[in-house]
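2 protein chains.
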Amino acid sequence: MNNYVSDAVVRRLPRYRRYLKKLKDQGIQRISSKDLGNIMDVTASQIRQDLNHFGGFGQQGYGYGVEELEGKLEEIMGLDRTYNIAFVGCGRLGRAIINYLVGNEPIYKVVGLCDNRPDMIGTEIAGITIQSKEDFKKRMQRGIDILVITAPAVIAEEVAEDVAGTEIKGVWNFGHTELNIKGVKVINVHLSDSLHALCYYINHPD
Amino acid sequence: MNNYVSDAVVRRLPRYRRYLKKLKDQGIQRISSKDLGNIMDVTASQIRQDLNHFGGFGQQGYGYGVEELEGKLEEIMGLDRTYNIAFVGCGRLGRAIINYLVGNEPIYKVVGLCDNRPDMIGTEIAGITIQSKEDFKKRMQRGIDILVITAPAVIAEEVAEDVAGTEIKGVWNFGHTELNIKGVKVINVHLSDSLHALCYYINHPD
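Protein chains in written order, with my numbering: chain A, 1 to 206; chain B, 1001 to 1206.
Hints were generated in silico from the structure; no laboratory data involved.
Mixed in with the good hints, there may be bad ones.
Listed next, the in silico SDA-like pairs over lysine to any residue satisfying Cα-Cα at most 25 angstroms (straight line) [what the hints assert, rightly or not]: (1) A:Lys185 / B:Asp1206; (2) A:Lys185 / B:Ser1194; (3) A:Lys34 / B:Thr1177; (4) B:Lys1034 / A:Asp193.
I would like the entire structure built from these sequences, with the hints used as guidance.
Next up, the structure:
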């Protein structure tokens, strides 16, 4: 399966997995691509095409084994292992995300926190002490898989310069800027993009 | 231009506009689809195809007028008007988003807030008083264009039932559930989907 997997396909995998998890929780054991497509509002052919990148999994006339496919998707995305994750920016957004991960996604282990606000440095979230940028720079060197940037754009750009050469493999960036870091995968999240898309739909009703 | 515009195209419009805004702020007056594609890491043909849905705008050999195209995209998405927006859920995530919108996106006017936590009811954010669910139900009836749900899934589903029949035209849902509300456009945001996609890339380096 060494074929090229487009970003669009990768972006759809988490959604497939979410729906399969829900079906599993409902006790459903198998589902056809047609029924899955109906629930997810995509075509059966899209589902088959997407999954074919990874080997297919479905059986003609049988459909997909829900639990099996969910497990397979977790494996493909690497959700069957754990990640050490650290946050730059411990304001409201950072805390909201830490809170969510700690409560719902145990595969992400928060191991480092950074914020430069004096009243935050030295305090704890989820048992981890918030470090100043200077101290965190040393912490960044080893043992962090994913860095989350929940700080303003200017800080995001500063931090990005320090990522190269560390063990960080991925950056999840909420800093309202598009970061490019050589050798490190960055996913830039622009929350208001989806709000703007919503406005488009409001102004173009069916 | 009454052709069908796919969700994928709509989702790309905010990104085009962000890049054009940045170019405009840098004083750049025009740009070819090739150069814009290079900056945005998409093909020139993709850009031309996407914009052709709305009339094209570029001139052969001249490229796009940056300010003109940015303005046109704002018009297309309806970002040249204002929206009354209300929040259900005034915890960390809700406050982070309110804070961001108030500081950066003045077209969204926060007009209503709801949270059922007793210590929050009656307090203010951005000059608006947080109402209990019961009081907010009346507030919801009129004068709200967009409802943001930054509350748990179970509350999201309850609120969804009350949206029909109000003036609400769009729901921006962070409630970790996929809402379907008849006659109302819902954009479901699953923050961790992009984190899971990031994990995929970490486990499949080039």
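Each hint tested on the structure:
With a C-alpha separation of about 10 angstroms, the suggested pairing of A:Lys185 with B:Asp1206 holds against the 25 angstroms cut-off. With a C-alpha separation of about 12 angstroms, the suggested pairing of A:Lys185 with B:Ser1194 holds against the 25 angstroms cut-off. Straight-line distance between C-alpha atoms of A:Lys34 and B:Thr1177 comes to about 22 angstroms, which keeps the hinted pair within the 25 angstroms bound. Of the supplied pair hints, the one linking B:Lys1034 and A:Asp193 holds, its CA atoms being roughly 23 angstroms apart against a limit of 25 angstroms.
Of the numbered hints stated above, none is contradicted by the structure.
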